[in-house]
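Asker: So you can see what is in the structure, the chains are spelled out below.
2 protein chains.
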Amino acid sequence: MFEIVKNGNVTSAKGFIAGATYAGIKSFSEDALDIAILASEKPASVAGTFTTNKVVSPSVTLTKSRVQSGKSMGVVANSGCANTCVGDQGLKDAEEMAHLASKQINVPENQMLVCSTGLIGVELPMALVRQHMGNIHLDQAAGPSFAKAIMTTDTVAKEIAVSIKIAGKEVVIGGAAKGSGMIHPNMATMLAFISTDAEIEPDILKTFLKQSVKESFNMIDIDGDQSTNDTVLLFANGMSGVSFDELDSVDSRIFQEALTYVAIELAKAIVRDGEGSNRLIEVFVTGASSEKDAKNAAREIVSSTLVKAMVHGLDPNWGRIMMALGKSGVDFEENNVDVFISGIHVVHGGCSIPYLADAVVSSMNAPEVKFEVGLNAGKFDSTAWGCDLTEEYVTFNSAYST
Amino acid sequence: MFEIVKNGNVTSAKGFIAGATYAGIKSFSEDALDIAILASEKPASVAGTFTTNKVVSPSVTLTKSRVQSGKSMGVVANSGCANTCVGDQGLKDAEEMAHLASKQINVPENQMLVCSTGLIGVELPMALVRQHMGNIHLDQAAGPSFAKAIMTTDTVAKEIAVSIKIAGKEVVIGGAAKGSGMIHPNMATMLAFISTDAEIEPDILKTFLKQSVKESFNMIDIDGDQSTNDTVLLFANGMSGVSFDELDSVDSRIFQEALTYVAIELAKAIVRDGEGSNRLIEVFVTGASSEKDAKNAAREIVSSTLVKAMVHGLDPNWGRIMMALGKSGVDFEENNVDVFISGIHVVHGGCSIPYLADAVVSSMNAPEVKFEVGLNAGKFDSTAWGCDLTEEYVTFNSAYST
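In the order they appear, the protein sequences are chains G and W. For the first sequence, numbering that gives the first Met the number 0 begins at 0 and goes up steadily by one. For the second sequence, numbering that gives the first Met the number 0 begins at 0 and goes up steadily by one.
Keep in mind that the hints were calculated from the coordinates and are not lab data. Treat the numbers as computed from the prediction; the structure is a model and nothing was measured. Keep in mind that the hints are not guaranteed to be accurate.
It does not matter which identical chain is used: a pair holds within one copy or between any two.
[Unchecked claim] DSS-like cross-link-like pairs, simulated, lysine-lysine; straight-line CA separation at most 30 Å:
#, residue 1, residue 2
1, Lys-369, Lys-63
2, Lys-53, Lys-213
3, Lys-70, Lys-205
4, Lys-53, Lys-291
5, Lys-369, Lys-53
6, Lys-209, Lys-70
7, Lys-378, Lys-53
8, Lys-102, Lys-378
9, Lys-70, Lys-53
10, Lys-205, Lys-291
11, Lys-91, Lys-164
12, Lys-213, Lys-164
13, Lys-5, Lys-213
14, Lys-41, Lys-53
15, Lys-91, Lys-205
16, Lys-5, Lys-91
17, Lys-378, Lys-41
18, Lys-91, Lys-213
This is chain G alone, in the form it adopts within the complex:
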């Protein structure tokens, strides 16, 4: 029902522009973009979802409060410094960064949002921010620069756009995201920015976003930790001339589906680029007795350290899947469980069935490993995504701040 836009990104939708600069926050290298602005040419509706961590960056606090108005002209984001655990200075710096960005692009200050990502516990180097903000100039071609500027330990930029046709008119949804450590269900260390030229009132936009986030960013895990800065923002500026003013129409369902696709693709890109990760793990739980159970089971399995390690080692040790399922607290009977590894049936009725171990090992030797777990307890399904746990992850995370 939607088409993928070639080289699509966060400025693919009509009327969205971006720009980025080097400021020296993230790295000495002058190639390293670390402050960026995404803006709409016309005032846009905005909706956001935010980290549930109690320790929260003042950048999130400010943005969360400004998103409540439902209107925004854009967002400024920096990488290299999380602006977190820095006391009262944090909110002052977030406010000043938003102020500088709004002045630079000439929009009302209270319609400028702010996001930060990077090291916790050090103050934003505001001298650098003040010095370099003036270098940011916006245009429609700079979507990819925006995606690069928000990267921290990411190895690739993450961006995508899709288009749908409604009554002969085109609506585009584009996005950019960054990961990659501390990703856990319920949104952690990750920023995602999604823009669309559809016209949508803030309340309805919020419902669209919530539904898509539930199926995407809230279903991924890298290491079970949660960051203090995570934010997903969705802007809708109406410039396509197509309006979605109710949730249950056929058109709205097409829009929701396209938005969820964008969100899932960005979420999977984050997981695929997880620190030290070699393989994407997809866990598909079927036959749960409630939606909540389906989601909890899928997340618990994909988050298990031992399941992650077995994928890294191509070890079809399905007992670990049963163990993770067992500790998830969901409703099922052990002797009704089926498990498939990359399509090969290995467990039926809760017991091992004779399978060719070498074939399962071969099937796991792929960039994406899929576990299907049938609970046979009801009619609810869910999918979660994670990545394998590798020696590189440990090496990487043993020496991050020093």
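With chain G's structure known, arrange chain W on it following the hints.
Answerer: Below, chain W alone, put in the same frame as chain G:
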């Protein structure tokens, strides 16, 4: 109030005997003991705590049901096979193993308990169990053999005993335990056996055990996963002639303290021997507004993958401690938090204070790293223990079953 018994073990208390044999379940090597019996010369009171995983070994199911009588003559344990996820055969095998053990030492079958640990999803090789059970002969000197026979990926046997004096009479509490992967709060992949020659009624024994487990085995984490077989058993045979028949007497408090010490030492030994672990992490949370909050905060910090990795890398990246605290869901104000790393004050009022980074790095280069986190929100404290996350852990767990 208690003394450590030199070379103390699970048969140090009066009237406890043990024996073990090689059966070929765990390894081809004939040095590898893998079936063992611990028994009391007189009928003993017994109490147990068990895994909360919904996928549970029939060995646990059988033992849990027999422990309800409050009386037992002993337990048979095997390593190498968990007897889990094997359908109806599992309960039959657990019952037969208990039957063979009870016949071998001539005690009533329903007073013989059974524990299994090892690989999930394969049946117990009962032919080997039948063939070798007859080799087990019990004596008081075989405590260390019992501790060796229950080991799986453990690199050292874990055993201890302490003695207390009550009205001139000596009471001994001894124990043995095994880890070591899949250890998480609420008791996972671990077996512990504690024996005492005190006289204690089953109901009171249960309360003593529950209190000690809460402070020990439920406060440790290796990798956030939970096994299907975990069991802690406490036997009390009364042969010291000292009785604890009420919970709040001075004597009972001395006993409780000694029992908790034994449980904590066994729990710490399990963590210290965690798969691939190099360092013990102790997290001491002070000033929580409830006991539950203190325990949850300590466990959340010690379980964080990123905290574990930073200890491995001697990286004083205290932002990760704040992040883990923030996602624990406990009550605190960010700007009241203090953090000490190995006694060095690094965070006050939720912000970094100037500290000599090299000194903190040096202090972390020790077998035990201690984080003290002051919430300044109330009067409850708690301690949890974990281990660092190393490349060896990943390598080890990438190839366990194959």
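Asker: Each hint should be assessed against the structure and marked as holding or not.
Answerer: Quick rundown of the hints versus the structure:
no., hint, in the structure
1, Lys-369 with Lys-63, "neither (36 Å within a copy, 36 Å between copies)"
2, Lys-53 with Lys-213, "both (20 Å within a copy, 26 Å between copies)"
3, Lys-70 with Lys-205, "within (12 Å within a copy, 60 Å between copies)"
4, Lys-53 with Lys-291, "both (23 Å within a copy, 17 Å between copies)"
5, Lys-369 with Lys-53, "between (33 Å within a copy, 23 Å between copies)"
6, Lys-209 with Lys-70, "within (17 Å within a copy, 55 Å between copies)"
7, Lys-378 with Lys-53, "between (35 Å within a copy, 20 Å between copies)"
8, Lys-102 with Lys-378, "neither (53 Å within a copy, 49 Å between copies)"
9, Lys-70 with Lys-53, "within (26 Å within a copy, 48 Å between copies)"
10, Lys-205 with Lys-291, "within (21 Å within a copy, 35 Å between copies)"
11, Lys-91 with Lys-164, "neither (44 Å within a copy, 63 Å between copies)"
12, Lys-213 with Lys-164, "within (25 Å within a copy, 60 Å between copies)"
13, Lys-5 with Lys-213, "within (26 Å within a copy, 57 Å between copies)"
14, Lys-41 with Lys-53, "neither (34 Å within a copy, 54 Å between copies)"
15, Lys-91 with Lys-205, "within (28 Å within a copy, 56 Å between copies)"
16, Lys-5 with Lys-91, "neither (40 Å within a copy, 61 Å between copies)"
17, Lys-378 with Lys-41, "neither (44 Å within a copy, 54 Å between copies)"
18, Lys-91 with Lys-213, "neither (32 Å within a copy, 44 Å between copies)"
The structure fails hints 1, 8, 11, 14, 16, 17, 18 (numbered hints given earlier, in ascending order).
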